[in-house]
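Residue-level listing of the chains:
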Amino acid sequence: MGVASLVLGIMSLVFILVPYAGWLGAVLGIVGIILGAQARKVNRDGVATAGMVCSIIGTVINLLFFLACVMCIAAFSVI
Amino acid sequence: MYPYINFLGRQIPSFGLMMVLGILISTTIAGVLAKKKNLSIDDLIIIVTLCMSFALVGAKLVYIGVTFSWHQLVHLIQTGNSHVLLGSGLVFYGGLIGGLVGLYVCHKFFKIEVLSFETVIIPLVPLGHAIGRVGCFLAGCCRGRIYAGFFAVTYPETSLSQDLGHSHHSYFPIQLLESFFNVAIFLILMVYVKRKPKPYRTLLLYIGLYSVVRFLLEFYRGDDVRGLYGFFSTSQWIAIVLMGLVLLAYKFIKNKT
Chain A
1 MGVASLVLGI MSLVFILVPY AGWLGAVLGI VGIILGAQAR KVNRDGVATA GMVCSIIGTV
61 INLLFFLACV MCIAAFSVI
Chain B
1 MYPYINFLGR QIPSFGLMMV LGILISTTIA GVLAKKKNLS IDDLIIIVTL CMSFALVGAK
61 LVYIGVTFSW HQLVHLIQTG NSHVLLGSGL VFYGGLIGGL VGLYVCHKFF KIEVLSFETV
121 IIPLVPLGHA IGRVGCFLAG CCRGRIYAGF FAVTYPETSL SQDLGHSHHS YFPIQLLESF
181 FNVAIFLILM VYVKRKPKPY RTLLLYIGLY SVVRFLLEFY RGDDVRGLYG FFSTSQWIAI
241 VLMGLVLLAY KFIKNKT
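Chains as they are written, first to last, in my numbering: chain A, 1 to 79; chain B, 1 to 257.
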């Protein structure tokens, strides 16, 4: 689980650079956070902690750019 | 105001920034409180992550439900513009309900004793919400009614309010007022949890207080596009239902104990 968390965390960080894929990066990061936290409950090793940290950073940055309320106007302009 | 903030040459949506900041600050304080009570930080992280995920989904679904008609949804999908739904607004009550679903999932599937985290997490929800509302103010969404009195605010052309056609008006700063009341609820709850209340009391108090505040503030909201049914808006009707459920739930748990 720790390795899975680390992989997902790194993928989440990579998706920061992919335009319009913030939501996917956030989803990967969220799954990585949960796997990392679960792995840490069983065995507090560095891999699980690293995975959780990477996932948290990836999720936060992806959500930061994805959660833009300003696209509200886009909805009304296409209706 | 400032829908985007320029940071190192990159445009960061201010709404996203404040929302993420709210989550981070609230979670950090909750972590400190959890550590004092010898609760598992890993469990706290799972609870916050799952609840926020369900909250975002809930907030989005309720927003789509109250803002778009079925015909408009079908039109968006048929014209290949369904991505617009992902980027559009959120409704807090949908988030609250989603968060409660998240708590159930934590308890049922991850076997976490969520009730032991009640006095650690619930008081921090209004604090995170208060910070998030500042993001609404900066983006120009969830605006107040047209108003020209004390503390009236005008939005620049780049903000949401101007884009919606209400140009050159000044508005009531409802987002900041709600932020203020959320901070007040946070302080009330922080004092209340020091009395070591019985299970569910903190949650019920929060929902009750927020429902009253939201019901009253909705009279000063200017975004009727989110639904008006009879005399009240969607959020006011939800507030009335939640208040009723809170009173019923309180009576039920009081009789049980």
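Take the hints with a grain of salt, since some may be wrong.
Calculated cross-link-like contacts (lysine-lysine; reagent style BS3-like; alpha-carbon spacing at most 25 Å) [unchecked claim]: (1) B/111 / B/196; (2) B/251 / A/41; (3) A/41 / B/35; (4) B/35 / B/108; (5) B/37 / B/251; (6) A/41 / B/108; (7) B/256 / B/196; (8) B/194 / A/41; (9) B/111 / A/41; (10) B/36 / B/196; (11) B/251 / B/194; (12) B/111 / B/198; (13) B/256 / B/36; (14) B/196 / B/60; (15) B/108 / B/198.
What the hints contain is simulated information worked out from the structure, not anything from laboratory work.
Verification of the hints:
no. : hint          : in the structure
1   : B/111 / B/196 : holds, 23 Å
2   : B/251 / A/41  : violated, 37 Å
3   : A/41 / B/35   : holds, 15 Å
4   : B/35 / B/108  : holds, 24 Å
5   : B/37 / B/251  : violated, 29 Å
6   : A/41 / B/108  : holds, 17 Å
7   : B/256 / B/196 : holds, 19 Å
8   : B/194 / A/41  : violated, 29 Å
9   : B/111 / A/41  : holds, 12 Å
10  : B/36 / B/196  : holds, 14 Å
11  : B/251 / B/194 : holds, 23 Å
12  : B/111 / B/198 : holds, 21 Å
13  : B/256 / B/36  : violated, 30 Å
14  : B/196 / B/60  : violated, 34 Å
15  : B/108 / B/198 : holds, 21 Å
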